[in-house]
Amino acid sequence: MVQLLLNHGADVAACDSHGRTACHTAATHCSPASASAALLCLARRAPRLLGQGAHGAGGDTPIHVLCRLPEAGCLPSLRALASGGLLTGAALGTANAAGQTPLALVAAVGSVAVVELLLRSGASPAPPSPCPPPCRGFDQPCGSRQRHSTAQHDAQQSPKPSACPLGAAAAGGHYGCLLALLWAGASASQLSCSVLEQACQQGRADVAATLLAAGLALSSGEAQRLLLVAVERGDEALLAALLGGGLDPNSPGDAPAAERLLHVALRPGREALLRRLLGLWTDERSQQACRMCRALDVSGLAGRLQANPLLFAVRHSSLEALRCLLAAGCPPGAMPPGAGLPPLVAAASRLDAARTALLLHAGAPAGETDRQGQSALDAVLALCTDARLVQLAAEETQGAAATTERQLLQLVEMLVAAGAPCARFLADHWPAAAAAAGAVGAGNAAAAAVAAPPGKRC
1 MVQLLLNHGA DVAACDSHGR TACHTAATHC SPASASAALL CLARRAPRLL GQGAHGAGGD
61 TPIHVLCRLP EAGCLPSLRA LASGGLLTGA ALGTANAAGQ TPLALVAAVG SVAVVELLLR
121 SGASPAPPSP CPPPCRGFDQ PCGSRQRHST AQHDAQQSPK PSACPLGAAA AGGHYGCLLA
181 LLWAGASASQ LSCSVLEQAC QQGRADVAAT LLAAGLALSS GEAQRLLLVA VERGDEALLA
241 ALLGGGLDPN SPGDAPAAER LLHVALRPGR EALLRRLLGL WTDERSQQAC RMCRALDVSG
301 LAGRLQANPL LFAVRHSSLE ALRCLLAAGC PPGAMPPGAG LPPLVAAASR LDAARTALLL
361 HAGAPAGETD RQGQSALDAV LALCTDARLV QLAAEETQGA AATTERQLLQ LVEMLVAAGA
421 PCARFLADHW PAAAAAAGAV GAGNAAAAAV AAPPGKRC
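Those letters in the sequence shown? Residues 1 to 458, by the UniProt record's numbering.
Errors might be hidden in some of the hints.
[Stated by the list, open to error] Just the calculated beta-carbon pair ranges, DEER-fashion:
#: 1; residue 1: GLN198; residue 2: GLY367; range: 46 to 56 Å
#: 2; residue 1: SER17; residue 2: ALA213; range: 26 to 36 Å
#: 3; residue 1: GLY85; residue 2: SER220; range: 46 to 56 Å
#: 4; residue 1: ARG406; residue 2: ALA327; range: 49 to 59 Å
#: 5; residue 1: SER220; residue 2: GLY84; range: 48 to 58 Å
#: 6; residue 1: GLY172; residue 2: SER17; range: 51 to 61 Å
#: 7; residue 1: ALA272; residue 2: ARG68; range: 44 to 54 Å
#: 8; residue 1: THR88; residue 2: GLU320; range: 11 to 21 Å
#: 9; residue 1: HIS361; residue 2: ALA126; range: 23 to 33 Å
#: 10; residue 1: TRP281; residue 2: ALA427; range: 46 to 56 Å
#: 11; residue 1: ALA427; residue 2: PRO337; range: 22 to 32 Å
#: 12; residue 1: PRO268; residue 2: GLY246; range: 56 to 66 Å
#: 13; residue 1: PRO70; residue 2: GLY269; range: 22 to 32 Å
Calculated directly from the structure, the hints in this document are not laboratory data.
This one's a predicted model, so the numbers in the text were calculated from it and none came from an experiment.
All C-beta atoms, glycine included, are put in the ideal place defined by N, C-alpha and C.
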């Protein structure tokens, strides 16, 4: 019927009172199958009509009208137009009165198949250039005589958030459309950090990596917050995507934020995330990937905090986590030197032979003392009472805590061999031994304190 009318001289460009052409009507009122045939017939006769907006219909072109249909209705018609070479130029680049191109329209509703089709047909993933829409009709430009304020002009000149295809997809959480637009070259530099934060909350490592690669800019505080989300989720893939995207876990200027991040990563069961955060990997491929990322500088962090992260690891983390910190260069001694609590004293006071041995092997000074002058050996000997040993044996402990007398003796011998002093213990609990310590040696005196008969033990 359409072809018959055209053959008899019907005006293909005729409009109704709202500025709608026959193309608008075909796209709006026909069924999907017949709409494709009618649109093809009309578009072949006058391709420019596909890019002509109707001032009484919000400036929508026939392509806009199609894109407002459900995907099952619009996709066949769009494919037919694309296969006929008609889905190009003004048909794709024209924006309606709201500043939306057809691509922005379908990105807002999350139709991935239609977005991909429009991109393949040449639609630009960038928002349209800002221009003032007509004030009193689609054919009348805004002139200086019209009474519009500067604020109204500024509002007209600036594209609305929905005018940006990438922003429209992000606002709706349509990650399939978002990825398609980013892969087509859309820039993420104007997007809000909340888009990336939402993706991280949902564990979308692929979206996070693509957004960062597309130029999404973040402040130091935002980067730290997103890394914390990944670590709290226990999501290694997401953490790798964020670090690979250039996020700095060291949080320059905000050492407590970096400390919070490290403490969460030091929780038991998160050793893989801790290794990723510290840049520690054994296989060559992972090492190469880590060299491209920023690692958390635990040595520098200890200096900025004036506290050693090893103290937290000794009290709350696994042995493997403590080993990771030492391998990453965390200083094994007190921070600040000579003033803070030495990690070795903390481990010894918990009668933890495994962590004590690990710290000694890493070079922890055996002679360091806490602010009360108590060394690691002093801390162990102070616990060598019958009542305390019974209590330790009855307590349910974790790791390799020394809860038996034999293990306790081994711990003492380990510290003595490392040269740990016990002057504080001898002076407080065994003055005679303290006086004789210079003659018999501190090690023999310490061993005697442990091996003494029950009634003589301090």
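Hint-by-hint comparison with the structure:
Checking the proposed 46 to 56 Å range against GLN198 and GLY367 shows it holds: the Cβ atoms sit about 53 Å from each other. Taken as a hint, the range 26 to 36 Å is violated for the pair SER17 and ALA213, whose Cβ atoms sit roughly 49 Å apart. Range check, GLY85 to SER220: about 50 Å between beta-carbon atoms, so the 46 to 56 Å window is met. At roughly 31 Å, the beta-carbon separation of ARG406 and ALA327 lies outside the given 49 to 59 Å, and the hint is violated.
Distance hint for SER220 and GLY84: a CB-CB separation of about 52 Å, consistent with the stated range 48 to 58 Å. For the hinted restraint 51 to 61 Å between GLY172 and SER17, the CB-CB distance of approximately 34 Å leaves it violated. Judged by the Cβ atoms, the range 44 to 54 Å given for ALA272 and ARG68 holds: they are separated by roughly 47 Å. Distance hint for THR88 and GLU320: a CB-CB separation of about 59 Å, inconsistent with the stated range 11 to 21 Å.
Between HIS361 and ALA126, the C-beta spacing of about 58 Å breaks the proposed range 23 to 33 Å. A hinted range of 46 to 56 Å holds for the C-beta pair TRP281 and ALA427, which are about 48 Å apart. At about 24 Å, the CB distance of ALA427 to PRO337 agrees with the hint of 22 to 32 Å. For PRO268 paired with GLY246, a C-beta distance near 29 Å fails the hint of 56 to 66 Å.
PRO70 and GLY269 have their C-beta atoms about 46 Å apart, which leaves the hinted 22 to 32 Å range violated.
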